[in-house]
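Read top to bottom, the protein sequences are chains D and S. Position one of the first sequence corresponds to residue 1 (the working numbering), numbered consecutively onward. Position one of the second sequence corresponds to residue 1 (the working numbering), numbered consecutively onward.
Among these hints, one or two may not hold up.
Dumping the calculated SDA-like pairs for lysine to any residue here, alpha-carbon to alpha-carbon at most 25 Å [said to hold, decoys possible]:
1) Lys648(S) to Lys44(D)
2) Lys44(D) to Lys524(S)
3) Lys44(D) to Ile354(S)
4) Lys44(D) to Val279(S)
5) Lys524(S) to Pro479(S)
6) Lys323(S) to Arg54(D)
Don't read these hints as lab results, they were simulated from the structure.
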Amino acid sequence: MLTLLVNVIGLLLIAAIVWWFWLGPKRHTAESVSGSEKLQILVKDGVYEPDRIRLPAGEEATLHFRREDASPCAEYVLFPDLEVSAQLAVNRDTEVHIPAAEPGEYPFTCQMQMYRGTLVVE
Amino acid sequence: MAEHAKHEPHHDGGPLHRFQLEGVSCAGCVRKIESALQTVPGVEEARVNLGDRTLAVQGEVSAADCVAAVEGAGYGAEEIRASERELREQQRAEEQHHYRQLLWRAGLALGLGVPLMAWGLITGEMMVDSPMQQLVWGAVGLLALAVLIFCGGHFFSGALRAFRHHNANMDTLIALGTGTAWGFSMLVVALPQLVPEAARHVYFEASAMIIGLINLGQALEVRARGRTSAAVEKLLELQDPTARVLRDGSEVDVPLEQVQVGDRLRVRPGEKVPVDGRVLEGRSLVDESMLTGEPVPVQKAEGDALSAGTLNKNGSLLFEAEKVGAETRLSQIIEMVKNAQSSRVPIARLADRIAAIFVPTVMIIAIVAALVWFNWGPDPRAVHTLVVLTSVLIIACPCALGLATPMSVMVGVGKGAEYGVLVRNGKALQQASDLTTLVVDKTGTLTEGAPKLTDIETHGDSDVLLALLASLEQGSEHPLAEAVVAAARDKKLQLKSADDFEAITAHGVRGTVDGKTVLLGNRKLMQREKIDSDAWHERAEQLADLGRTAMYAAVDGEAAGLIAVADPIRDDAKAAIARLLQLGLRVEMLTGDSSATAEAVAQQLGIDRVHADLLPEDKEKIVGELQGKHELVGMAGDGINDAPALAKADVGFAIGAGTDVAIETADVTLMRSSLHGVADAIELSRATLRNIKQNLFGAFVYNSLGIPIAAGVLYPFTGALLSPVIAGAAMAFSSVTVVTNANRLRFFKPTEEGEK
Numbered sequence: 001m002l003t004l005l006v007n008v009i010g011l012l013l014i015a016a017i018v019w020w021f022w023l024g025p026k027r028h029t030a031e032s033v034s035g036s037e038k039l040q041i042l043v044k045d046g047v048y049e050p051d052r053i054r055l056p057a058g059e060e061a062t063l064h065f066r067r068e069d070a071s072p073c074a075e076y077v078l079f080p081d082l083e084v085s086a087q088l089a090v091n092r093d094t095e096v097h098i099p100a101a102e103p104g105e106y107p108f109t110c111q112m113q114m115y116r117g118t119l120v121v122e
Numbered sequence: 001m002a003e004h005a006k007h008e009p010h011h012d013g014g015p016l017h018r019f020q021l022e023g024v025s026c027a028g029c030v031r032k033i034e035s036a037l038q039t040v041p042g043v044e045e046a047r048v049n050l051g052d053r054t055l056a057v058q059g060e061v062s063a064a065d066c067v068a069a070v071e072g073a074g075y076g077a078e079e080i081r082a083s084e085r086e087l088r089e090q091q092r093a094e095e096q097h098h099y100r101q102l103l104w105r106a107g108l109a110l111g112l113g114v115p116l117m118a119w120g121l122i123t124g125e126m127m128v129d130s131p132m133q134q135l136v137w138g139a140v141g142l143l144a145l146a147v148l149i150f151c152g153g154h155f156f157s158g159a160l161r162a163f164r165h166h167n168a169n170m171d172t173l174i175a176l177g178t179g180t181a182w183g184f185s186m187l188v189v190a191l192p193q194l195v196p197e198a199a200r201h202v203y204f205e206a207s208a209m210i211i212g213l214i215n216l217g218q219a220l221e222v223r224a225r226g227r228t229s230a231a232v233e234k235l236l237e238l239q240d241p242t243a244r245v246l247r248d249g250s251e252v253d254v255p256l257e258q259v260q261v262g263d264r265l266r267v268r269p270g271e272k273v274p275v276d277g278r279v280l281e282g283r284s285l286v287d288e289s290m291l292t293g294e295p296v297p298v299q300k301a302e303g304d305a306l307s308a309g310t311l312n313k314n315g316s317l318l319f320e321a322e323k324v325g326a327e328t329r330l331s332q333i334i335e336m337v338k339n340a341q342s343s344r345v346p347i348a349r350l351a352d353r354i355a356a357i358f359v360p361t362v363m364i365i366a367i368v369a370a371l372v373w374f375n376w377g378p379d380p381r382a383v384h385t386l387v388v389l390t391s392v393l394i395i396a397c398p399c400a401l402g403l404a405t406p407m408s409v410m411v412g413v414g415k416g417a418e419y420g421v422l423v424r425n426g427k428a429l430q431q432a433s434d435l436t437t438l439v440v441d442k443t444g445t446l447t448e449g450a451p452k453l454t455d456i457e458t459h460g461d462s463d464v465l466l467a468l469l470a471s472l473e474q475g476s477e478h479p480l481a482e483a484v485v486a487a488a489r490d491k492k493l494q495l496k497s498a499d500d501f502e503a504i505t506a507h508g509v510r511g512t513v514d515g516k517t518v519l520l521g522n523r524k525l526m527q528r529e530k531i532d533s534d535a536w537h538e539r540a541e542q543l544a545d546l547g548r549t550a551m552y553a554a555v556d557g558e559a560a561g562l563i564a565v566a567d568p569i570r571d572d573a574k575a576a577i578a579r580l581l582q583l584g585l586r587v588e589m590l591t592g593d594s595s596a597t598a599e600a601v602a603q604q605l606g607i608d609r610v611h612a613d614l615l616p617e618d619k620e621k622i623v624g625e626l627q628g629k630h631e632l633v634g635m636a637g638d639g640i641n642d643a644p645a646l647a648k649a650d651v652g653f654a655i656g657a658g659t660d661v662a663i664e665t666a667d668v669t670l671m672r673s674s675l676h677g678v679a680d681a682i683e684l685s686r687a688t689l690r691n692i693k694q695n696l697f698g699a700f701v702y703n704s705l706g707i708p709i710a711a712g713v714l715y716p717f718t719g720a721l722l723s724p725v726i727a728g729a730a731m732a733f734s735s736v737t738v739v740t741n742a743n744r745l746r747f748f749k750p751t752e753e754g755e756k
């Protein structure tokens, strides 16, 4: 009985992991910003918040990253497809200029890809 | 924002903003502005300094609100940005603070973990059998909980936050591993009857030890990471914090950020030039080696350009600021280096992809391994299951994988900057290491780019002939004529005026100097004028074979001799080509010159493939043709007329940082005007790529060996499972190892340097 229970729990956990991290619908805290607005992104505890940012296509924008995690993991934010990167200062806003881009999804991450976010240009 | 304030360790009253004010002239204005700001919510204190017309505002308030308040009061304000240096110092302080915090946490956790582990190892009594033991271990469990919260709380909060975002990271693994160990132990203490007797073992020491070790590892990592940005640090140090500006006739020291375009500045001997500008008065030698790599100081006088960061050696200079702040060349170099340092390298794409799915995968592996032990493992099964679950979670290290490339790129690109090699991005760095062919533009790259007089041959006095020819050529604008005139000036010969000057197309020039008829041109000119110059033919051909342009001279109808002009080969070009060949590259030369001249130069340099008689647009075509033959082509040029070819090549090396066009199009900009820079860049890129591969290999091997061992594949041979504490130690030190290996790149030296 116990054996069965433990095995079922184990398998359910695996299913839950697969669903939660890969397959399941992802609810993001999304925020859109037009070129002139100020959007602050909080960098804290392994998460960008919001982690899904909408920008209008063909417009430059400035994102304000506020890093509240002193660990070196959070030090850089990279937009590899846009060739944009910035070193983030602790406990203050760092401006990151995003050039005008084609519509599409551009992931942004920390150096180690632990922090992840998506820039949606539409 | 109120919540953010708690995270500001250095400011009691919130952050400090500073503004430059406009239109402020009297004490009345001061009061008006200060009281206007007091009404802005969040402002703790506002102070106007009438002396330098600045405003300091302390409080949780946005800069825009402050500016609006000042403008509302009828004045102008502009925020003074914290200088790069201040920001850097502040970050350094934060880093130190974080470092101490990590050490403190590590000490506390290990303070509990080590005695507990020692107790377990010495007495072997970690079992819960009696109510008394229940009580004692319960108390220890609460202590361990305190350690988890105080020393490892950030892992748990990070894990939770990431989880809510459908994300999993290193924190997740640590939190799960230590949490499981603690939870199981607490269950044993609280309800021992639920657990088989043989499995009533507590693992409080493991959770405390793991937290302690990982904090320690992170502290060491912070330390090692600090060194990776040493190169940018060095560049930043080239900027002095203040500049001496002439205001109202007197010299005042002002902070660098306040220097404006058009300001007149004074720089004394031994001081650094604060901003880019142009000399108005004075003469001095200026050491520009930090920017150009040229070791010889350059003479500067009125009208010459000065670059921020260079060192004024012996004279006092008065100059006008032309570019300040982020516009200076030094700032742009720093910006470029920083950008490149954090760019991605294509080789890391696989590692990136793995890193993205790494943590959930490890969680699944851990559960599968635990279930295997639970179903088929030997007794005590519950204990083995727990140990395997914890160890797999803890030993897996996404950090080593994630850090492998960025750390090496960071150090490699920084190192390049030290040698005057500016790499645009990680992609360029990787491609430079794979190049098979290097195409080099001759003029300005292999040669000086300006023709010089190399030979003068005559039966009489060579200075007399040179003076005559130079006098004749004064009026001509031909580059060869300039070489002749320059040579005469160098010898301080007296030039006379020429009469009846006539340029004979495709032949040469003629004129009258000092009553003598002087001719200078090719053999056709001599034939046309019926001058017997046969005696000089042989010598002329010898000179042509050396790649020089020989010209016949005749005075009053008699052949007088030969002069030869050539674009001299750069002193170091031969050695640099030898280095490039040594690196296994095929070197090809491009030039617009005639093939005879080009061949001669190529032969002297040891280049066997030459493309001569090219039009500027042909260069791009040749690069394209080589690429068509599956060659990875690098192109080195000065960037002025090579821009399309530089852009077309897999890696464009712009030699000499003088032209902005070059910096914009090139993948690699060489501050030093030497082909050695290309060899340096290629050696550096190869060293960096080698380092990246070592790191990636290490991280892959670590994870692909570590995880199975933690899962217990060695159990049949050793009869024991890997302790979660050892797993924690391995994990903590694997990322330190990666960063340390990347730091080894700091000892990179180009071979040229090594041979000296």
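Verification of the supplied hints:
1. For the suggested pair Lys648(S) and Lys44(D), the alpha carbons sit about 42 Å apart, so the restraint of at most 25 Å is broken.
2. Among the hinted pairs, Lys44(D) with Lys524(S) is inconsistent with the structure: their alpha-carbon atoms are about 80 Å apart, more than 25 Å.
3. Note on Lys44(D) and Ile354(S): the hinted pairing holds, with a Cα-Cα distance of about 23 Å set against a maximum of 25 Å.
4. A distance of roughly 49 Å separates the Cα atoms of Lys44(D) and Val279(S); the hinted pair therefore is violated under the 25 Å criterion.
5. Between Lys524(S) and Pro479(S) the CA atoms are separated by roughly 20 Å; this keeps the pair inside 25 Å, and the hint holds.
6. For the proposed pair Lys323(S) and Arg54(D), the alpha carbon gap of about 36 Å is over 25 Å, so the pair is violated.
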